[in-house]
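All chains, full assembly: derive it from the sequences and hints.
Residue numbers (numbering that gives the first Met the number 0), protein chains in the order written: chain V, 0 to 355; chain F, 0 to 268; chain C, 0 to 84.
A few of these clues could be false.
[Said to hold, decoys possible] Beyond 10 Å from chain F on every Cβ pair, some chain C residues (computed):
{"#": "1", "residue": "Pro6"}
{"#": "2", "residue": "Thr10"}
{"#": "3", "residue": "Pro30"}
{"#": "4", "residue": "Ala61"}
[Unchecked claim] Selected chain V positions facing chain F (in silico; Cβ < 8 Å):
{"#": "5", "residue": "Ala202"}
{"#": "6", "residue": "Arg205"}
{"#": "7", "residue": "Ala354"}
Worth flagging that the hints you see were computed from the coordinates, not collected in a lab.
Cβ coordinates follow ideal geometry from the N, Cα and C atoms, glycine included.
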Amino acid sequence: MSTRLLEGSEAIAEAMIAAGCRFFAGYPMTPFTEVLEHMARLLPGVGGACMNAESELEAIGMAWGAAATGTPAATGSTGQGLSLMQESLAEITLARLPLVVLNMARAQGDYFQATRGGGHGDYRHIVLAPADITEAVTLVQKAFELAFRWRNPVLVFGDYYLAHTATSVEIAAPAPDERDTSWALDGRSGGTGRAKLLSPLGAFKRKNQAGYNLATHYASCAEATAEMTAGVMPLVETESTDDAEVVVVAFGTPGRYVRAAVRALRAQGLPIGYARPITLYPFPSEAVARACAGARAVAVYENNQGQMIDDVRLAVLGAAPVSFIGGLSLDSSGFGIAPDLDVQVLRARIEEVFAR
Amino acid sequence: MTEHEGHNIVPTDRPPSQPATLVRDFTPDLIDVGTHHLCPGCGEPVAMRAAVEAVSELGLVQRTIGVFGIGCYTAFSNNLDVEVLQALHGRAPSLATGVKRAKPDAFVFTVQGDGDMVNEGLQEVIHTAARGENVTCIMLNNGVFGETGGHMTATTVIGQRTKNTLDGRTAEDHGHPILLANMLAGIDGSAYVARGAVNNAHNVALTKQMITAAFERQVAGLGFSFVEILTMCPTGWFIETAEAPEYLADNLAAVHQIGVLKDIARADA
Amino acid sequence: MTERTVPTRGTVVIDVDACKGCDLCIDACPPGVLTMTSHELNARGYAYPVLSPGCTGCRICAQICPDFVFQVYKYDEPIDLVVSE
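So this is what it looks like as structure tokens:
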């Protein structure tokens, strides 16, 4: 165990492998590409398999197949590639399979895609949003644990900054957790009269009754989803909210800039607080509500046209007005470098809310 | 003998009392329950029976994982006593790839229809063949999307009447059918490519041989294997069940020709 | 009424209620010893095959049947069945 200077993509790849990931499939797309490169380089050495998928559709399909064998598997892309994967992601959830999915996102416009799910039907994914590489390492490992515990995909919401900046990290294997993989396929229940089935249409073969019963199956999936939503501890980072008159909410990399802006304003004597949801699903509604309880105004910063703000509004439930201090901030590449991610810019916007 | 509907009917409600050998049971080992809701005269159960018989005869059942696409045959996966991973329409080859790469000792085959494999999933099967993925893909080809009611697919033959080509498919309006087995035979990475049918007993036996050969190529690690099986779909073809075997021969098999198209195990023969 | 014997090498057990009346076995049977009922229907409402003397135990009916209707036996010694016409 040693601290090394690693680019985020590499740190995330190593963290996944240390957590036991032994299958990865991906298609190159900025800023996800380097994660694929590192997994391609590292997985064979630990007896794993990395597939250079011919498209994102093959990538999610291959990861699905590997996951069905009980092998800790992951895939990922950036927003557009995730768009292609949505049908499969919805069905993998109905098949109750563990899978870790990385969105190395461009800006933050994929919040709805991640938390509402861009696929058909009613399903939920656990969504984890790290703000820096160190947190990404922890959360990516936690993602495997949660995926197996709840038999559900877990999305890790990263970005260009996480992928392409470097920091000193230590990467270690997480503590082993107990996993029941009795559902996994390996062929051995074949010919026993009780051959296993992993399907979005049903959890077991209904031999005496021809066909599937989707009503029963979807109902039991909904039950499992409700248990998962109730059972996952929502994570949030808060600071100086007890006496805050204005609380600023942000997620991911921008959270660090907002935190720095809030600290700077505090140093000037302004009673500002900060809350950073880390689990975007389940959203830490109670914690955000508590953090904002004494405030006379809530401000939300995000690099999109306003998505997480809906969840903040739901959490605050009218206790204080919620205003949007974010917006689309992109450089010409569109990869998610945000010109207004600048502590001075954010301070000014927060001060404006404070002054109302 | 009893007087039944007509004269001279032999009782068939119980095994014979004279000494006799059972030469074929109702269902093979790996079909638990024969009851299904596929149409009268559907060729798919006949093809599926051949496939699981081959699994059984080659002693593969305890490491077999079947990956199913979406079509009428999807429901039939419930009848088979092999482990099944259900995929999305068109996507079985990539799931099969994931299974095989994660568990190289598994014996993996896909079951997909023509609508599934040649429409939705054409790129998946081509890429899987090109990779020389050591799995077997089985396509049940009836020239229609059966489950949704009998619509044109990429394999529908010119002149074939379907729900959305009621005057018969024409090249000008609808383009040409894709002969998938022929296409896959041209890809390096394919070890065995064959096309059979289940419209008569001779073809059923031939198809069973093709499936067995394909499975053997997988076990030998030779690369991608593929068996296309023309199946009857009287419902989708708007004809009587008894006419379907001839319809298949005259229309589908005339274009999608039966035979072994590639076999690298016999390349030197 | 005349009688003749028909050498018969095999027989079948027919799961009447499994049949969906598709007729494939009728045309497929080489000795042509299967006939569909014309007045009787099974529990599902379909006509079903009945067997006449002359079965050879070739198994083709079972091979072509999509509904697992047939169980096929081959007699250890061919038997003669009497047919009256």
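Min Cβ distance, Ala202/V to chain F: is it shorter than 8 Å? violated, 11 Å
Hey, does Thr10/C actually stay past 10 Å from chain F on C-beta? Per Cβ check, Thr10/C is inside 10 Å of chain F; nearest 5 Å; violated.
10 Å Cβ clearance of Pro6/C from chain F: holds, 13 Å
Exclusion check [Pro30/C not at the chain F interface, CB over 10 Å]: Label holds. Min Cβ-Cβ 12 Å, cutoff 10 Å.
Quick check for students: does the CB of Ala61/C sit more than 10 Å from each CB in chain F? violated, 5 Å
Close enough to count: is the Cβ of Ala354/V nearer than 8 Å to one in chain F? With a minimum Cβ separation of about 53 Å from chain F (threshold 8 Å), the hint on Ala354/V is violated.
Restraint check, 8 Å cut-off on beta carbons, for Arg205/V near chain F: holds, 6 Å
Of the hints listed earlier, those the structure fails to meet are numbers 2, 4, 5 and 7, in rising order.
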